[in-house]
Each structure stands twice: as structure tokens, then as C-alpha cells.
Amino acid sequence: MSVRVRFAPSPTGQVHIGNIRAAIFNWLFARHNGGQFLLRIEDTDRERSTPEAVQTILGAMEWLGLNFDETPLYQSTQHGQHHEAAEKLLAAGRAYKEDKGGTGQGECILFRMPGTDMGFHDEIKGDLLKKAEDMKDFVIVRSDGSPVFHLANVVDDITQGITHIIRGDDHVENTFRHVALYQALGAPVPRYAHLPMIVNAQGKPYSKRDGAAYVGQFRDMGYSADALFNYLTLLGWSPGEDREKMTRDEIIAAFTLDRVKSSPAQMDIRKLTHMNGLYLADLPLDIFAAGVRRHLATLDWGQALDETLFMKVCRLMQSRTPLFVQSESWKYFFVDPLDYDEKAVHKTLRKEGVKAALETIRDHLAGCDFSEVGIQQAIRSSEAALGSGEGKLNQTIRIAVTGVTTGAGIYETLCVLGRERSLTRFNNTLTTQLGAP
RNA sequence: GCCCCCAUCGUCUAUCGGUUAGGACAGCAGGUUCUCAACCUGUUAAGAGGAGUUCGACUCUCCUUGGGGGUGCCA
Numbered sequence: 001m002s003v004r005v006r007f008a009p010s011p012t013g014q015v016h017i018g019n020i021r022a023a024i025f026n027w028l029f030a031r032h033n034g035g036q037f038l039l040r041i042e043d044t045d046r047e048r049s050t051p052e053a054v055q056t057i058l059g060a061m062e063w064l065g066l067n068f069d070e071t072p073l074y075q076s077t078q079h080g081q082h083h084e085a086a087e088k089l090l091a092a093g094r095a096y097k098e099d100k101g102g103t104g105q106g107e108c109i110l111f112r113m114p115g116t117d118m119g120f121h122d123e124i125k126g127d128l129l130k131k132a133e134d135m136k137d138f139v140i141v142r143s144d145g146s147p148v149f150h151l152a153n154v155v156d157d158i159t160q161g162i163t164h165i166i167r168g169d170d171h172v173e174n175t176f177r178h179v180a181l182y183q184a185l186g187a188p189v190p191r192y193a194h195l196p197m198i199v200n201a202q203g204k205p206y207s208k209r210d211g212a213a214y215v216g217q218f219r220d221m222g223y224s225a226d227a228l229f230n231y232l233t234l235l236g237w238s239p240g241e242d243r244e245k246m247t248r249d250e251i252i253a254a255f256t257l258d259r260v261k262s263s264p265a266q267m268d269i270r271k272l273t274h275m276n277g278l279y280l281a282d283l284p285l286d287i288f289a290a291g292v293r294r295h296l297a298t299l300d301w302g303q304a305l306d307e308t309l310f311m312k313v314c315r316l317m318q319s320r321t322p323l324f325v326q327s328e329s330w331k332y333f334f335v336d337p338l339d340y341d342e343k344a345v346h347k348t349l350r351k352e353g354v355k356a357a358l359e360t361i362r363d364h365l366a367g368c369d370f371s372e373v374g375i376q377q378a379i380r381s382s383e384a385a386l387g388s389g390e391g392k393l394n395q396t397i398r399i400a401v402t403g404v405t406t407g408a409g410i411y412e413t414l415c416v417l418g419r420e421r422s423l424t425r426f427n428n429t430l431t432t433q434l435g436a437p
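Using our numbering, the first residue of the first sequence is number 1, and each one after it goes up by one.
Please keep in mind that the hints were generated in silico from the structure rather than gathered at the bench.
Heads up, a few of these hints could be off.
[Stated by the list, open to error] The calculated label-pair distances, taken between Cβ atoms and stated as ranges, are:
#1 K88 with Q266: 42 to 52 Å
#2 R243 with S146: 40 to 50 Å
#3 H121 with S146: 26 to 36 Å
Cβ coordinates follow ideal geometry from the N, Cα and C atoms, glycine included.
Sequences are here, hints too, so could you generate the full structure?
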């Protein structure tokens, strides 16, 4: 029997990190076993379901490379099936109508639990048992005629021929009800696997209050899809060896449910960021540049950048960029006048002799071969002329031409900026930051 | 309250009865360096507690404690 799994989100907003991890694990399971990965949109909540949210789900899945194998099934198209199932259960005596609680809302349909102890095997948690007295009958169709989650979910899973249900831990208790439903409906019971929750530092389910919680947020912050995919895969699962950064194919090959942990996992954004840096550093330059461009495009100064300069900057900065958003600090490569770091200017530039030093260096640079080596030599000879130690003036130069204290090597930085621009910056700094021309 | 699940460094994890309990992130120290990162080297740090089974328990059983989930005409 071929493996068929599904991701069944409700289109009611953003895609939560816990949900997408469930999707990832389903996807991996399907790919590892050569099965099908299906998508079902559970849009029965008409109040909250929106077409935009459907697009958000589709977008998140595409971004992460979670391709599905059949046309998505919209739960709202399945009402007929749901009611048919309810009727069938009614006819078989497995369900009954009742004005539950006597609230006068009218009659709803309740499913009659078998009245015997039940159990099922969870691929992650092992054998789970429940005593008959701990399971109560439950509503499957509301008094307004709408099917409840349990019924709709099970009927749709039967319709889609789902063989393995891989979902969040919070559904463990529901599973006994679902198994009973399958049996009453005469359908083969699928295999179940319940994934541990992603929690915050307090051990509570990770939510938007704990930081980035939605796929879109991670994307906007400059995480790469591959890095997020890889990291999420490692929350609650490991290949069983000391390997963390893995290609998708490696993960698919190694992925089995018996290696999924059953204890909750805490989200560690720092580790994600570290991994993201590894991914960004490994990206081909043009792909990296495309990612950067996407982020800079949201900034007023980042939209129409000189292509040649932009690519030079990307090449220079790639290895030191753990997140795409950090490219926002590259502004000094592109925009004049500089935004000076006041503290640095005060501490480093407003000192005795700096003015003369900058003028000397400027003049040496003006006449040198403006390559990295040439620039370095020019600075060395300036230092010699000024009686300064080697490299002692580098930081002064950096602040003079970039306005800030951190960045790539100063020789490379000057080289990328070019002679004309560098010299102009020296002059601008001399006049605007150090007073008299 | 009742039912269920979970428990190894701060965090993510390896270990499927015998290990100096390994790796990664974070931290710390050092190296490299013109700065900040990156990188390299080193290093701090763990089996919640208690019984039992066993020649031998992180590993198996039970209890305690702690955490989480469920207990809806939500999903």
C-alpha cells in the first residue's frame, strides 16, 4: 500500500511555525517512502476562513518547497460526504440525536463511543490506551446542521485515502474518538504519529508573543527557506549522527518516524540564525544577491542600485551576513552623505592630529594604484610619513569613509567604493565632521 | 478534579544495559585580523529525586516531583 499523507490547515491567518513543521514532517515522510503528500484546506469555518489566508498557506508551502501531489481538497466542498456519514452512523445506531444539555438550541447529533477500552499504536509515542469510562460520546453535527471537526476531518481523510496521520501532540486525545469513528464507518484505521510541540522558554506552546512565529515573518527577516526547513527538521528529530546541516535529499533519505522525539522542543532563534548564516555563505553569488535585492527593495535607498557596485558589495559582504536583513547596514556603500556614528566620530576622529592624518592619507590614495594591494601600500606609506604604527589608522579611515566602525576589511571596502568616491568622502568628512576645510 | 503524555549540558540533540555520556547553538578563553563578524583551537556545562530488576543502569519497572496536553454544539 502506498503512503498517503496530508497537511490540513485552516485558512484563518498566518501559517504558524508549528503547523508548517507538521507539514514538513508529513512531506518528508511521503518523500522518504515514495508516497503522496496531499493538501486539504479546512475552510469550514466560514466566519474566519479567507481566500487571502489560502494564498498565504500556498505561498508558504511553495517558498519552503513543500510540493503536494494532487489538487488541494477544500473541506467546504465535502459537506455532502459529511452528512452522508452522519446519516450512516445514525442508521447504524452509532449516533443519536439529542438536545444536549437541554439548552433549547435544538437537536445535535452525537457519536456513540463503543463503550469498551480502546487503544492505538502511535508511531512516535508507542501504544496508547484509554479506558471506556474515560471516553464520552461527542457531538459530530451541531444543531445548526454543520459538521464538527472530528467528523469532517475523519471523513475527509477517508475520502483522500490517507494512510498515515502525522500531526501535533495536541490531537492525541482526539485520536481515540477518530479511531472509533473510522471503525464505525467501516473504514481502515490509518497509522498515527503525534509530533511533539514547539514550545517557548516557559514550556508553553510557542506563540507569536514569543517572537517570530509565522513563516512569513521568518521570510521577511531574511531567513532562507532551506535554512528554516533544515532547522525545523531538527526540532524533535535527528538523523542519529552528528550531522545537522543537511541537504534536502539527505534529510529525506534519513527521515523516519521512529527517530522523532516525543518530548517538546524549544525554539532557539540563535541556532536558526547561525544555520542561516551557513546557508547564506554557501549560496551562489547571484542567488545571494537576489535575496539581498528583495530586502533592500523595501528601503527608500535600496531600489535602484548601481548593478556593478551592488554585485561587488554582495561579493564582499556575503560571508559576513547571517541574515538578509543585515544588508540594510550596507547603506554607506551606496548613499551620500554618510550617516555618521556620532560616538565613533567623537571618539576617533575628533582627536589631535587626525585632520592632518586624513589629509595625508587622502593625498597618498589620490596617487596610488587603487587596487586592494595598492591601497594597502598607500596607507602604509602614509603611516610611515606620519610616524604612525602599521594599521593604527585603519579604523580612523573606516569611519571617515563609511561613518561606522564595523564592516569588511578596509582595503577591500575602499576598493569597492572606488577612488573618486573615497576621496570625496575624505573631503566631506574633513569639512563636515572636523570643521575647517 | 479526572484522563493522557513528557523528563540527558542554558537550548536542540546522540546514546537503543557496560562510553572519559558525544555533537551543535549559546557562553567563556585564546589564535587569526585594520574593525565587526566569519573561521580555527581550547574550555565551562547534563542523566530531576527515590526505590527496585541486574554482575552492571541515563537506558527496564514502580513511586515522587516538575512540565505539558486533553477534558467544548473550537480546531
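Results for each hint:
1. K88 with Q266: 42 to 52 Å: 44 Å, holds
2. R243 with S146: 40 to 50 Å: For R243 and S146 the Cβ distance comes to about 48 Å; the hint holds.
3. H121 with S146: 26 to 36 Å: The hint (26 to 36 Å, Cβ to Cβ) holds, given that H121 and S146 are roughly 32 Å apart.
The structure shown violates none of the earlier numbered hints.
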